[in-house]
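Student: What follows is the residue order along each chain.
Number of protein chains: 4
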Amino acid sequence: MLQAFLDMERRSYWLDSEVFRHSLKAFIGGQDMADKESLFADLVTASRILANEGICDAFGHISIRNPQNPERFFLARAVAPELVTRDDIMEFELDGTPLNDDRKPFLERFIHGSLLEMREDVNSVVHSHSRGVIPFGVTGTPLRPLLHSCGVLGKDIPVWDAGDAFGDTNLLIGNIAMGRDFAASLGAGRAALMRGHGSTVVGRSIREAVYTAVYLDVNAQLQAVSMQMGPVKFLTDGEISLIQSRLADAKPGEGYDRAWQYWARRAGIAAGDPVP
Amino acid sequence: MLQAFLDMERRSYWLDSEVFRHSLKAFIGGQDMADKESLFADLVTASRILANEGICDAFGHISIRNPQNPERFFLARAVAPELVTRDDIMEFELDGTPLNDDRKPFLERFIHGSLLEMREDVNSVVHSHSRGVIPFGVTGTPLRPLLHSCGVLGKDIPVWDAGDAFGDTNLLIGNIAMGRDFAASLGAGRAALMRGHGSTVVGRSIREAVYTAVYLDVNAQLQAVSMQMGPVKFLTDGEISLIQSRLADAKPGEGYDRAWQYWARRAGIAAGDPVP
Amino acid sequence: MLQAFLDMERRSYWLDSEVFRHSLKAFIGGQDMADKESLFADLVTASRILANEGICDAFGHISIRNPQNPERFFLARAVAPELVTRDDIMEFELDGTPLNDDRKPFLERFIHGSLLEMREDVNSVVHSHSRGVIPFGVTGTPLRPLLHSCGVLGKDIPVWDAGDAFGDTNLLIGNIAMGRDFAASLGAGRAALMRGHGSTVVGRSIREAVYTAVYLDVNAQLQAVSMQMGPVKFLTDGEISLIQSRLADAKPGEGYDRAWQYWARRAGIAAGDPVP
Amino acid sequence: MLQAFLDMERRSYWLDSEVFRHSLKAFIGGQDMADKESLFADLVTASRILANEGICDAFGHISIRNPQNPERFFLARAVAPELVTRDDIMEFELDGTPLNDDRKPFLERFIHGSLLEMREDVNSVVHSHSRGVIPFGVTGTPLRPLLHSCGVLGKDIPVWDAGDAFGDTNLLIGNIAMGRDFAASLGAGRAALMRGHGSTVVGRSIREAVYTAVYLDVNAQLQAVSMQMGPVKFLTDGEISLIQSRLADAKPGEGYDRAWQYWARRAGIAAGDPVP
Numbered sequence: 001m002l003q004a005f006l007d008m009e010r011r012s013y014w015l016d017s018e019v020f021r022h023s024l025k026a027f028i029g030g031q032d033m034a035d036k037e038s039l040f041a042d043l044v045t046a047s048r049i050l051a052n053e054g055i056c057d058a059f060g061h062i063s064i065r066n067p068q069n070p071e072r073f074f075l076a077r078a079v080a081p082e083l084v085t086r087d088d089i090m091e092f093e094l095d096g097t098p099l100n101d102d103r104k105p106f107l108e109r110f111i112h113g114s115l116l117e118m119r120e121d122v123n124s125v126v127h128s129h130s131r132g133v134i135p136f137g138v139t140g141t142p143l144r145p146l147l148h149s150c151g152v153l154g155k156d157i158p159v160w161d162a163g164d165a166f167g168d169t170n171l172l173i174g175n176i177a178m179g180r181d182f183a184a185s186l187g188a189g190r191a192a193l194m195r196g197h198g199s200t201v202v203g204r205s206i207r208e209a210v211y212t213a214v215y216l217d218v219n220a221q222l223q224a225v226s227m228q229m230g231p232v233k234f235l236t237d238g239e240i241s242l243i244q245s246r247l248a249d250a251k252p253g254e255g256y257d258r259a260w261q262y263w264a265r266r267a268g269i270a271a272g273d274p275v276p
Numbered sequence: 001m002l003q004a005f006l007d008m009e010r011r012s013y014w015l016d017s018e019v020f021r022h023s024l025k026a027f028i029g030g031q032d033m034a035d036k037e038s039l040f041a042d043l044v045t046a047s048r049i050l051a052n053e054g055i056c057d058a059f060g061h062i063s064i065r066n067p068q069n070p071e072r073f074f075l076a077r078a079v080a081p082e083l084v085t086r087d088d089i090m091e092f093e094l095d096g097t098p099l100n101d102d103r104k105p106f107l108e109r110f111i112h113g114s115l116l117e118m119r120e121d122v123n124s125v126v127h128s129h130s131r132g133v134i135p136f137g138v139t140g141t142p143l144r145p146l147l148h149s150c151g152v153l154g155k156d157i158p159v160w161d162a163g164d165a166f167g168d169t170n171l172l173i174g175n176i177a178m179g180r181d182f183a184a185s186l187g188a189g190r191a192a193l194m195r196g197h198g199s200t201v202v203g204r205s206i207r208e209a210v211y212t213a214v215y216l217d218v219n220a221q222l223q224a225v226s227m228q229m230g231p232v233k234f235l236t237d238g239e240i241s242l243i244q245s246r247l248a249d250a251k252p253g254e255g256y257d258r259a260w261q262y263w264a265r266r267a268g269i270a271a272g273d274p275v276p
Numbered sequence: 001m002l003q004a005f006l007d008m009e010r011r012s013y014w015l016d017s018e019v020f021r022h023s024l025k026a027f028i029g030g031q032d033m034a035d036k037e038s039l040f041a042d043l044v045t046a047s048r049i050l051a052n053e054g055i056c057d058a059f060g061h062i063s064i065r066n067p068q069n070p071e072r073f074f075l076a077r078a079v080a081p082e083l084v085t086r087d088d089i090m091e092f093e094l095d096g097t098p099l100n101d102d103r104k105p106f107l108e109r110f111i112h113g114s115l116l117e118m119r120e121d122v123n124s125v126v127h128s129h130s131r132g133v134i135p136f137g138v139t140g141t142p143l144r145p146l147l148h149s150c151g152v153l154g155k156d157i158p159v160w161d162a163g164d165a166f167g168d169t170n171l172l173i174g175n176i177a178m179g180r181d182f183a184a185s186l187g188a189g190r191a192a193l194m195r196g197h198g199s200t201v202v203g204r205s206i207r208e209a210v211y212t213a214v215y216l217d218v219n220a221q222l223q224a225v226s227m228q229m230g231p232v233k234f235l236t237d238g239e240i241s242l243i244q245s246r247l248a249d250a251k252p253g254e255g256y257d258r259a260w261q262y263w264a265r266r267a268g269i270a271a272g273d274p275v276p
Numbered sequence: 001m002l003q004a005f006l007d008m009e010r011r012s013y014w015l016d017s018e019v020f021r022h023s024l025k026a027f028i029g030g031q032d033m034a035d036k037e038s039l040f041a042d043l044v045t046a047s048r049i050l051a052n053e054g055i056c057d058a059f060g061h062i063s064i065r066n067p068q069n070p071e072r073f074f075l076a077r078a079v080a081p082e083l084v085t086r087d088d089i090m091e092f093e094l095d096g097t098p099l100n101d102d103r104k105p106f107l108e109r110f111i112h113g114s115l116l117e118m119r120e121d122v123n124s125v126v127h128s129h130s131r132g133v134i135p136f137g138v139t140g141t142p143l144r145p146l147l148h149s150c151g152v153l154g155k156d157i158p159v160w161d162a163g164d165a166f167g168d169t170n171l172l173i174g175n176i177a178m179g180r181d182f183a184a185s186l187g188a189g190r191a192a193l194m195r196g197h198g199s200t201v202v203g204r205s206i207r208e209a210v211y212t213a214v215y216l217d218v219n220a221q222l223q224a225v226s227m228q229m230g231p232v233k234f235l236t237d238g239e240i241s242l243i244q245s246r247l248a249d250a251k252p253g254e255g256y257d258r259a260w261q262y263w264a265r266r267a268g269i270a271a272g273d274p275v276p
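Chains A, B, C and D, in that order, give the protein sequences. Reading the first sequence from the start, the letters are residues 1 to 276 in our numbering. Reading the second sequence from the start, the letters are residues 1 to 276 in our numbering. Reading the third sequence from the start, the letters are residues 1 to 276 in our numbering. Reading the fourth sequence from the start, the letters are residues 1 to 276 in our numbering.
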């Protein structure tokens, strides 16, 4: 009974929402709507996980490619990640143009668009200023995975400096040209740092992107402490490769999924709960 | 209905309050009262944000210039920032004299008065002992912005030492002479450290002052870690200037405002909530 | 009345549970069932303590030997430690084979099985990736107890490197051969580190294992800071020996027991509360 | 009405309590009982503050001299500080003998007794293993106040090593001889470290002792970071003296009292609340 009521409430919420009106034409019929409902629930959950795990503070954002139309992506309007609700989600072209939506978008939506444009294998992007990572960007100290759960980061984590190609800026990626320049620096990688600004990670799925963002910061914190003690034994190339294979083949309850269930609960969204 | 009730409650609370009686003569008519109501709500919210974000502990305070009379300012009575309520707010002359109020004021109200006296562009001051900043004051290590969200701090962050002009003291700024000496060291800046004591930041608005106080501590923590790794690339003068321009031109939902909404919610005061 | 109702509820919960059906044959009569009930409550509580104290995040696990059959042990199915409930507990042979249970087990159950196999004195094993410890594993810096509450760790805390015997792996202990190789490195010790992976501790009781896991991380954090200051005076062998004697002889309210009561309350499980 | 009910409840709780029965003979008439009620409420509050501020974990304790009989003191039975309630309080002779109470006392009650015996000016003692302080004890790095709120610590903070006079021990101060040896090392000071064990602070009042314990740990954390940056300018002797004078003369709402109100609220005990 309660579940039926909640479902009904969600549905009517959905029908009344601005998001629904803005993007109805992209979806036809009940199944698609259910898929989108689930996709948006994941995006809201991811946003709150990133806030709750200290990856985002008032700033930072996560996007997901529109599975119905790979030339578009979803991203919340400009609001702190912890406050994102389903109704805040907007849709964008890959060049950052919002779709029939005059709400205020995130300035840095170009990070998402240019990465989704360049990388067909990528479906979700997290941009944050997570604090453990910043010291590596401003000192140019190479960040490399040293813990098995950080093998997801890959061997090379480049540092991009806005000043190299654009001189003095406010450091924000405020147009598609800067976005594409940054994307090129990431190449086929999983994570890249932005000097004096933050970092960005990509994932094939929203769960992979969130996991990568969290463990990028964990690795950075651990590496900072380890380097004070002496030379660090980082993961070998073979270890990184085997760790990534295992994650790619993970079943429900393993890897990304186990972490997601845990983080979602910590963020106040238990499995089966209605998502805000 | 609920809102009407809350509004009514607020109004009657207001009419009964000591603060109202103390400062009624400075305000005439309904609009001013509504403005003051909103100003005091912001001051209480700011105080609780600073406590919740770890900038203040039992000590520290934030002031706001009286927009009706720039020769006066508002500041809570002597109470821990997390416990401040609307009824705790007192009004002061710029020399630190309380207006018809015999409650116990903060000893260090002179920090606020002397900065508001010297700097016409400043409307809000935060003084704290936030812990990330202390090591820079006691070692004289120059603190400089290295992260785009810390560009607000400006290029130079002086360290003031009470001992230079006043010899051995209890380090507190307990009179207007010390306040003015400290204010002179800040000059046209945004933030200054006090050796063995803490730091003080100024803002054109209460939101700017809170944002600056939070990111001063963030920058200090990040710089302490970064300096262990090697030479740090700080923001360039051009970057600082462009970041400050953007913040000054920010629209609702950007910069100070987005952070404020987020921090207020974390401190238990969601948008639209009655403020304690 | 309430207690009677709760007891009844627990009992019927128990009778309906999968765990009960899976392991009924190992237990005969009412007393054994009560013992098992209490054992499982401890295992759930321990799991939540390890999560709440930051020893486990989404990953890590704790086991307990079956007191009715020392050739078997109990361990939750593959789920984040903070989410473990009584119904998640599975039973295993020492070689890691689950008993009539087709739920997904933790891959690394072989750590538990091989230690319980090699060490008759051990009844509980904790495996975690607790963060304070990682830097010691990747730098080979010897971790040694420096605080009286860390005397439980013993004098020697070896670092095991999966690569030494197995070359490139995903670093996880995914079979009994790796488990036994790791167990051999621990020898008669209390704790061992795994390079690029985490650490494992053992205890004669579940309380001892939890206590050892928590204070292993505390010692690591303290040693990292201390080593920056200068040469560290670690506990002497005589001190370690006297501390361990005291812990072994501790009465209710001392040592492991006092810590357990405190950690359980912090994890949301007060004495006498029904365990999830 | 509610208050009257609560008062009545407290009184009957008191009359029924074991503590009351144990120490009734030391108190005559209503006023004394009210004083003791208030003293015990402070001791419980202090215990919870120390836990909530991270000074104590499962271990550590705070005592208060019996104002009716300076040759005795109050201290909880052996239980984690966060779990202490009024009914847990026991009374002791200065040599550590409990008064008509067969509950399990803290082993280290001798720390309290020997300090109260040696120092007539001291009325409250806090012993903890607070983590910021430990590195100084094991490296012998002199800990000195660098922040005005840490001036309370005084200029010299000795490190006592149990091994100097007693050889290998379990490091705990388990008899009055060790207690007196430690007390002698503190001399006329405010705080002393115990190598490999923790630290102890004293206060003329319970508020002073709690404040000193908190800021000892704050100073240690700040000094550890500062020393990585370069030579530290500590407080001068004159500054320490002036800070201590101010604290001694503090009025309600200043210094110890303002911090106490704040910490008590954070620990879940607002002013006027019944204490557990």
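Please keep in mind that the hints were generated in silico from the structure rather than gathered at the bench. Heads up, a few of these hints could be off.
[What the hints assert, rightly or not] Computed cross-link-like contacts, DSS-like style, restricted to lysine-lysine with a CA-CA straight-line distance of at most 30 Å:
#: 1; chain 1: A; residue 1: K233; chain 2: A; residue 2: K155
#: 2; chain 1: B; residue 1: K233; chain 2: A; residue 2: K233
#: 3; chain 1: C; residue 1: K104; chain 2: A; residue 2: K251
[Claimed, not checked] Beyond 12 Å from chain C on every Cβ pair, some chain D residues (computed):
#: 4; residue: A34
#: 5; residue: E53
#: 6; residue: A58
#: 7; residue: R86
#: 8; residue: R103
#: 9; residue: L107
#: 10; residue: G189
#: 11; residue: R195
#: 12; residue: R204
#: 13; residue: G238
#: 14; residue: S241
#: 15; residue: L247
#: 16; residue: D257
It should be emphasised that the depicted structure is a prediction, and the values quoted were computed from it without experimental measurement. Quick reminder that beta carbons are idealized off the backbone N, C-alpha and C, glycines included.
Student: Beyond 12 Å from every chain C Cβ: check whether that's true for S241 of chain D.
Tutor: About 28 Å separates S241 of chain D from the closest Cβ of chain C, which puts it past 12 Å; holds.
Student: With 12 Å as the threshold, tell me whether E53 of chain D passes as away from chain C on beta-carbon distances.
Tutor: holds, 14 Å
Student: Please confirm whether R195 of chain D is truly not at the interface, meaning its C-beta sits more than 12 Å away from all C-beta atoms of chain C.
Tutor: At roughly 6 Å from the nearest Cβ of chain C, R195 of chain D sits no farther out than 12 Å, so the non-interface label is violated.
Student: Would you say L247 of chain D is clear of chain C, with no C-beta pair closer than or equal to 12 Å?
Tutor: holds, 29 Å
Student: Please settle this one: G238 of chain D was flagged as non-interface, so is its CB more than 12 Å from every CB on chain C?
Tutor: It holds; G238 of chain D is separated from chain C by about 28 Å at its closest Cβ, greater than 12 Å.
Student: Please settle this one: R204 of chain D was flagged as non-interface, so is its CB more than 12 Å from every CB on chain C?
Tutor: holds, 29 Å
Student: Is the hinted pair K233 of chain A and K155 of chain A satisfied, with a Cα-Cα distance of at most 30 Å?
Tutor: With Cα atoms ~13 Å apart, K233 of chain A and K155 of chain A stay inside 30 Å; holds.
Student: Over 12 Å to the closest beta carbon of chain C is the bar; see if R103 of chain D clears it.
Tutor: R103 of chain D not clear of chain C: closest Cβ-Cβ about 9 Å, inside 12 Å.
Student: Verify that the Cβ of A58 of chain D lies farther than 12 Å from every Cβ atom of chain C, and report whether the claim holds or is violated.
Tutor: violated, 4 Å
Student: Need the status of pair K104 of chain C, K251 of chain A: alpha-carbon distance at most 30 Å?
Tutor: holds, 10 Å
Student: Taking the shortest Cβ-to-Cβ distance between G189 of chain D and chain C, state whether it exceeds 12 Å.
Tutor: holds, 21 Å
Student: Regarding the pair K233 of chain B and K233 of chain A, is the alpha-carbon distance no greater than 30 Å?
Tutor: Since the Cα atoms of K233 of chain B and K233 of chain A sit roughly 27 Å apart, the hinted pair holds (cutoff 30 Å).
Hints 6, 8, 9, 11, counting from the list given before, are not met by this structure.
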